[in-house]
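Student: One letter stands for each residue in the lines below.
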Amino acid sequence: MDVRQSGRAGAAPGAAADDGDGALVRELRAGDERVFAELVDRMTPAMLAIAAGYVPGRSVAEEVVQEAWLAVLTGLDRFEGRSSLRTWVFGIVVNVARRRGARERRSVPFSDAFAFAGEAGDEVGPTVDPGRFRGRDDEWPGHWASPPRPWDLPESALLAGEVRDRLRAALDVLPPRQRMVVHLRDVQGLAADEVCAVLGIEPGNQRVLLHRGRARLRQALEDYLNGDRA
Amino acid sequence: MTDGLDIDCDELVEIVTDYLDGALDAGTHRRVSEHLAQCDGCATYVEQMLETARIAGTLRAQELRPDMRERLLGAFRGWKAAGTPPG
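Taken in order, these protein sequences are the chains called A and B. Everything in the first sequence is counted per numbering that gives the first Met the number 0, starting at 0 for the first residue and increasing by one. Everything in the second sequence is counted per numbering that gives the first Met the number 0, starting at 0 for the first residue and increasing by one.
FYI, nobody ran anything at the bench for these hints, they're computed from the structure. No false leads were slipped in.
Computed footprint of chain B on chain A, listed as stretches where at least three residues anywhere in the stretch have a Cβ under 8 angstroms from a Cβ of chain B:
no.	segment
1	125-134
2	211-218
Pairs of lysine to any residue, SDA-like flavour, derived with a Cα cap of 20 angstroms:
no.	chain 1	residue 1	chain 2	residue 2
3	B	79	B	67
4	B	79	A	70
5	B	79	A	76
6	B	79	B	69
7	B	79	A	36
8	B	79	A	38
Glycine included, each C-beta is placed from N, C-alpha and C at the ideal position.
Taking the hints into account, I'd like the entire structure generated from these sequences.
Tutor: Structure follows, in structure tokens:
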């Protein structure tokens, strides 16, 4: 079982740009607004998630993303295809957001700064409610007392609007660093090594953030799907 | 105790992502696989983590706030106008 083999389009691991990226860049340079709009729709939610990991507040994050898109356009001639267009764009967001984050830090009182990002926002402890497992004096300590019930819904029902709405709502309220990683890995379909390169984090840290984020999202879906049918 | 069940369920759920990403050492990976073959609760849990990731992959085309989208397209037009060679 490997989530990377789930057959999602555009999830190909490996950093090299394909011909599709070359064509996209040519069309952007030629001023094709339709191509730009498509990229904006596809990538801006992940870019906002990245920005929110470095700067406080949605309006500042939106400014960062807008500045990043302009940097992408003015920097198109410097795109050499050594990475995919996506990872190049995400790298630019990280740079813009870091610079802006540093500036914000200098301009707000120290005590107010940065509950929004960094380690302080990351919780520790189990990702599944310990109450769902048997106690230490049980015959089977640490084994499920209330195991998850299968969702066994048809594919069409899982991908229907309401399930996705629930998931999106849960994604929007993840702690910022978990949100960044889940956006890049699961929503955008980047490979683990690409995410590490873009965000400048260690593989182990990347997996911890992904795991905690996915566990919360799974719980949100369980609350909805099982609660609804109970 | 049987093979694979020397990992408790409450331990397994914390290494699911390491398992799916192939980041566990070979021995632990094998014990997780064995546990999953025998434990419906954990098998369901792992299946649901994969399902969650898969549904997240369909959010990619989620709609952007219209005003944000318009601002970005406006910025594109500005960039394009500025870059158009004279004549």
